[in-house]
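Using the supplied hints, reconstruct the complex from the two chains, each of which is provided in its own coordinate frame.
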Amino acid sequence: MSDSQSTAAAAAFAAIPEKNLRLFWKAYEGRYDEVSARAAEELLALPEFAAFANLINEEESAARQEASHLRLAQAVDTGSWDEYAEELVSQGEMYGEMSISFVSWYKAISVVRVVVLPHLVEAYGSSGDDLVAAVLGMDAFFDVAMATIGTSYLLRKEATIMVQQDAIRELSTPVLPLREGMLILPVVGVVDSHRAHQLTQGLLEAIRASRATVAVVDITGVPSVDSKVANHFIQTVEAAKLMGTVVILTGLSPAIAKALVTLGVDLTKLNTVGDLRGGVEEAERLLGYQVSQIGA
Amino acid sequence: MAVPILRQGEVLIVTLQGDLGDAEWAKLTDDLLERVAERPTRFAVLDLSVVDVLDSFACRTIVGLTRMVSLRGPKMIVAGIRPSVAFAMVQLGALLPGVATALDLDHAMALMAHA
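Protein sequences appear in the order of chains P and Y.
Going by my numbering, the first sequence opens with residue 610, and the numbers climb by one from there.
Going by my numbering, the second sequence opens with residue 14, and the numbers climb by one from there.
It should be emphasised that the hints constitute simulated quantities derived from the structure, not laboratory data.
Quick caveat, the model's predicted, so the values are computed rather than measured.
Glycine is no exception: its CB is placed at the ideal position from the N, C-alpha and C atoms.
Some hints here could point you the wrong way.
[Claimed, not checked] Straight-line distance between alpha carbons at most 25 Å, and here's what the computed DSS-like set of lysine-lysine pairs gives:
{"no.": "1", "chain 1": "P", "residue 1": "Lys837", "chain 2": "P", "residue 2": "Lys867"}
{"no.": "2", "chain 1": "P", "residue 1": "Lys850", "chain 2": "Y", "residue 2": "Lys88"}
{"no.": "3", "chain 1": "P", "residue 1": "Lys867", "chain 2": "P", "residue 2": "Lys878"}
{"no.": "4", "chain 1": "P", "residue 1": "Lys878", "chain 2": "P", "residue 2": "Lys850"}
{"no.": "5", "chain 1": "Y", "residue 1": "Lys88", "chain 2": "P", "residue 2": "Lys878"}
[Claimed, not checked] A few chain Y residues facing chain P, derived, Cβ under 7 Å:
{"no.": "6", "residue": "Trp38"}
{"no.": "7", "residue": "Leu41"}
{"no.": "8", "residue": "Ile94"}
{"no.": "9", "residue": "Met102"}
{"no.": "10", "residue": "Val103"}
{"no.": "11", "residue": "Gly106"}
{"no.": "12", "residue": "Pro110"}
{"no.": "13", "residue": "Gly111"}
{"no.": "14", "residue": "Thr114"}
{"no.": "15", "residue": "His120"}
{"no.": "16", "residue": "Met122"}
Just chain Y, same shape as in the assembly (with noise of 0.2 Å):
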């Protein structure tokens, strides 16, 4: 099943319906980096508030994919994780360094505000 990524804008939303496999993470890299290449954007949004376990590779994934984004030019905000995810991110050095984040989807609207 694939991510939906959504445009508002110079935005792109992407906000995950539940863990996601191996897979999966590598298409949605794939799929965002294509997005973002479309039109002019300046800000892209990873929303993990659904997600309730993260593994070693989504970790990994992730700060790869935010790395990615962020030499193509967007600002990488990732809004969302839960308490347990983000001390196992921490536990596996996933820190997302240079990468903003927001408690929900609501904060990282009001950070793209204020940028």
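If we strip away everything but chain P, and leave its shape as in the complex, we get (with noise of 0.2 Å):
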């Protein structure tokens, strides 16, 4: 992925017209240090840079800097550009890992046009062409190198974006055997009817795989359920049922009771219990099982 980003880059930056570039970059390399002093210091300046700042090594990060220097200085005086692109890629997918917002690194890594601007002046000043010229080749530099980041920036919070929906699809359908033959299924949350579909297969499934004659569907931690989802309810307790298993239904709450019935949701195929508790009782009494408290 991020090869393929850093080739494109590559070949953005090498489409730049030759004499704009070289003559931004003359302005621009007498003054190198500087201006990535003044960009250091407006990035070390933001509040989500600053628990980081402490882990910065100084002479670690100069040699980066001089090392930085040195490959673009190489790329536009041989017009090779691959090593510099892939430097962006991996600072902006840094700065995604850091979860800098955008707007703080972009600000901050604009202030070097802003320095550079006047030494432009200064040097080209008396030559309308030139300066055009090194202005173009500095927006058109710039563009580039801001577009690479951002892209590898924006691919490396929409990694981290997949990695936790897919946990959060994994934590959100537990089926858990609470006793021989009885299962819970705690739902939480809001349910869509993506969800309830999930929600269903994961029970028939673990329905099947560990033999449970009852299972407990407990909602207390749906906050609504419309019409759909309470017909794909229905549904799966009435799929349940014909492969051998009570269903029995807790936590509805007084919001989704009253949702429900006003719905005009027919109810009376469902086995409800107040709560969990009651829940796990009454599924104990259809299993035969007894529960008694030691020395009561």
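Here's what the structure looks like:
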């Protein structure tokens, strides 16, 4: 992914008119250290960055900056941008990993433009054509650089989101065997039709795998249920019944009970018990378990 | 191919060996209704554990079959319906009212022992 990205960035850098770029670089290079220091200052001033500031080794970062300087000088000189593009890609990924906000790093890096511009004027002020060319070179350079960093930043963020979504999906449908023949399915959070389908599948598969004859579905943690999802629950209960399993639904909040009756959902087929405790007790009764307190 | 119907005392057991065609379903219904009358029968078990797919005709046949057998006396038990088949049956409206269901043949035996 990042390979093709840095290749594309390198091609974009190479497409910048050489004369413009060289004029810009000539003025920029003399001030490189000063400009980098200003940008670093801006970055370190960010509250998100402050948490990492004490982890940064000054010698290391100076060495990195020197290496980056060399890579850029070489790229301008030879027109081969691969290494520099790779550096920008990893820079964007780093910002993504550190959860620095887009606005913050964009602003910090844009400082470079502001600092360099007066030097361009100073160097080429006497020749209008050169000045325009240098400014165009600078703009083209930063457009590509920012786009490269921004793209890898967003890709990194998206990758994080994907991982989190998978984690949530897995966490959201646990089916727990409580006793021989008894399953508990605690449902927490908003249930949409996609998730309802997933819950159904998870429950029916678990019933088959564990040979459970009673399943308790607890929806205490579900804030609301619409008629579509309610119907899905009813279908699940009926499907489980066909498989030979009784489903007990527990934890219907007052709001859900009211909504379901108002919507006209037929709940007579459902076996409902007020809370999870009552549901488990009912399930134990159906399975023939008797729980007693020792010494009571 | 005829579906074998086994008798174990007062219990008839039908285990499907694969998905059936329409004609086979009709023949199974006739055969089972015949066998129910030949000797006193308390239970008839239909084991669907190898069935992957049921079309609407098969669903309707099963609903009819279970009702017809019940009319002749025995208690009907359907065993081993798979998750996907169960959900398809619900969506086709084949809910098997008044029929006992079991996870598998073992569970069906347990239900009969307790009845």
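Hints, verified against the model:
no., hint, verdict
1, P:Lys837 - P:Lys867, "15 Å, holds"
2, P:Lys850 - Y:Lys88, "17 Å, holds"
3, P:Lys867 - P:Lys878, "17 Å, holds"
4, P:Lys878 - P:Lys850, "11 Å, holds"
5, Y:Lys88 - P:Lys878, "22 Å, holds"
6, Trp38, "18 Å, violated"
7, Leu41, "19 Å, violated"
8, Ile94, "5 Å, holds"
9, Met102, "6 Å, holds"
10, Val103, "5 Å, holds"
11, Gly106, "10 Å, violated"
12, Pro110, "10 Å, violated"
13, Gly111, "12 Å, violated"
14, Thr114, "4 Å, holds"
15, His120, "6 Å, holds"
16, Met122, "12 Å, violated"
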